[in-house]
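Visitor: Once you've looked at the hints, dock chain B against the given chain A.
Protein chains: 2
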Amino acid sequence: MMGADEKGYFTEGNSVEVVTGRNAGAKDERLKEVMDVITRKLHEAVKELEPTQEEWMQAILFLTRTGQMCNEWRQEFILLSDVLGVSMLVDAINNRKPSGASESTVLGPFHVADAPELPMGANICLDSKGEDMVIEGRILDTEGKPIANAVIDVWQANDEGFYDVQQKGIQPDFNLRGIFRTGPNGHYWFRAVKPKYYPIPDDGPVGQLLGHLGRHPYRPAHLHYIISADGFETLTTHIFDPDDPYIHSDAVFGVKKSLLAKFNRVNDPGRAKRYEFAGDFWEVAHNFVLARSRT
Amino acid sequence: MMGADEKGYFTEGNSVEVVTGRNAGAKDERLKEVMDVITRKLHEAVKELEPTQEEWMQAILFLTRTGQMCNEWRQEFILLSDVLGVSMLVDAINNRKPSGASESTVLGPFHVADAPELPMGANICLDSKGEDMVIEGRILDTEGKPIANAVIDVWQANDEGFYDVQQKGIQPDFNLRGIFRTGPNGHYWFRAVKPKYYPIPDDGPVGQLLGHLGRHPYRPAHLHYIISADGFETLTTHIFDPDDPYIHSDAVFGVKKSLLAKFNRVNDPGRAKRYEFAGDFWEVAHNFVLARSRT
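Protein chains in written order, with the numbering used here: chain A, 37 to 331; chain B, 37 to 331.
Treat the hints with care, since some could be wrong.
Remember, identical chains collapse to one label, so a pair may be satisfied in a single copy or spanning two.
In the DMTMM-like style, the derived pairs of lysine to aspartate or glutamate whose C-alpha atoms are separated by at most 20 Å in a straight line are [unchecked claim]:
no. : residue 1 : residue 2
1   : 293       : 279
2   : 309       : 167
3   : 298       : 319
4   : 230       : 69
5   : 230       : 196
6   : 68        : 80
7   : 293       : 53
8   : 298       : 177
9   : 133       : 48
By construction, these hints were calculated from the structure, which means they are not laboratory data.
Nothing here was measured: the structure is a model prediction, and the numbers come from that model.
Chain A with its partners taken away, still in its complex shape (with noise of 0.2 Å):
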């Protein structure tokens, strides 16, 4: 038994003990134990580093004006959780794929819910601008069969590596932005221009970080793509362009090897003429495979 005095005092060897041990009384059982982990590892994090007072304050600075960054249209703690690798991990964590299904990656903050449903082939570029490109492949199951009715939601940005919602008022709403839904033979094909590669927001305080890190703030140029099919997982990933200057270098870790899908460049003026293509364009073809419901 221990007397009054030696009753649970904070010291340096038993922090996490003293700390986490007046959570005994928490109600939700997974709060409970989500605040032991991040408080053990804080703690050893501490430990590891030894901070002074003065660079604890800047990590209090820090996370206040990340806080502060953030509004209605800009979520600066996510950007953090992006270029640190967090939000890839916990993306990698909810997404473990069987043998032979497409791979996951982030759904990143520019996808919109109400896209318009196009016919198959359908251009998703509204105002001709950037390179031509046709965009072709299957939805199947993991035994390769076409998968029938699956609906592609797919958005990207355009040659400037600009979203349509980035700039409300100089590209047409739903700019480079579908819904495509596949027949009997699971394949899609539809019509854009070729993405460029861009950098996530960098004016804030994960810009500084970054730039005191000695890294660039670009993704690689890619396309956006949800995929989803009545019986099958729901597939949230991107392909990226493999030439890309910042394809192995992504601010956000996004990119799989997996993921990436050749952008050929194409001059062939018969078929330029069937997709009303001007001159040389680009053609990139990728199936995505889905994994059966677990339940």
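Guide: For chain B alone, coordinates are given in the frame of chain A:
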């Protein structure tokens, strides 16, 4: 040699190495070390907890609310650091004392820089509210010799648990604050009122977190001291009332056994008269031992 396709794409397995590998170009070696450790501990926490996407978003929104609660008068991230024991851990790491020296504890947010210097024995209670108290002791070096010209900066909450700066217009300016200077015998004494326990500000996200964890927001009654003298390390500390109901559960973990100072109730009309007290009073005796400067 790895081919370009195998180069450093992020996986659950290599997540720490991929993210910290990006910091190779950091100009500031300490920042690089800090971010390496924080990234590693964050990823360890995520891998241990396996948060859902919804839990991740809850964490993002908690941090955002915490940042947005901060203003000129309120620092919610310091409160978060306090209730997770991080502030006390940083204090402990930065104030490892030689054997026999008094221990430190957190500064807290209520110190003011320009309190008045008062003659020894002055009453720092300016509004006659609360139960009278007299405090005395000596400032000593680790050999037990008195330190002359030690400067004692003291401040405390009133009998309702509020500091003057929290009740501007209600309490007089500089109520329950003062600076004293020791003479050759190292002795100090002053008059005040018995302090009371009080809650840390609990109307924000940190208070909500404490509520969900089944924790109360109270700090046990204490007096704050900053004691400085030429040739000695400055000591920032408290003394605590060991009979306080929250003495074993300080919301910010500031209590140490060596900082307990018995608050004795005294019935002695002769002494009361000398102190200009109306009746019974409280008496506290506590010596402080300063460590010699390391340089």
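Visitor: Indicate, hint by hint, whether the structure satisfies it.
Guide: Verification of the supplied hints:
1. 293 <-> 279: within (13 Å within a copy, 64 Å between copies)
2. 309 <-> 167: within (15 Å within a copy, 94 Å between copies)
3. 298 <-> 319: Cα proximity of residue 298 and residue 319: one copy only (8 Å, versus 82 Å across).
4. 230 <-> 69: The answer is neither: 46 Å in one copy and 39 Å across copies each exceed 20 Å.
5. 230 <-> 196: Result: close within a single copy only, 10 Å intra versus 68 Å inter.
6. 68 <-> 80: For residue 68 and residue 80, the Cα distance is within 20 Å both inside one copy (18 Å) and across copies (17 Å).
7. 293 <-> 53: between (42 Å within a copy, 17 Å between copies)
8. 298 <-> 177: Neither: 22 Å inside a copy, 74 Å across copies.
9. 133 <-> 48: Cα proximity of residue 133 and residue 48: across copies only (13 Å, versus 42 Å in one copy).
The structure fails to meet hints 4 and 8 from the earlier list, while all remaining hints are met.
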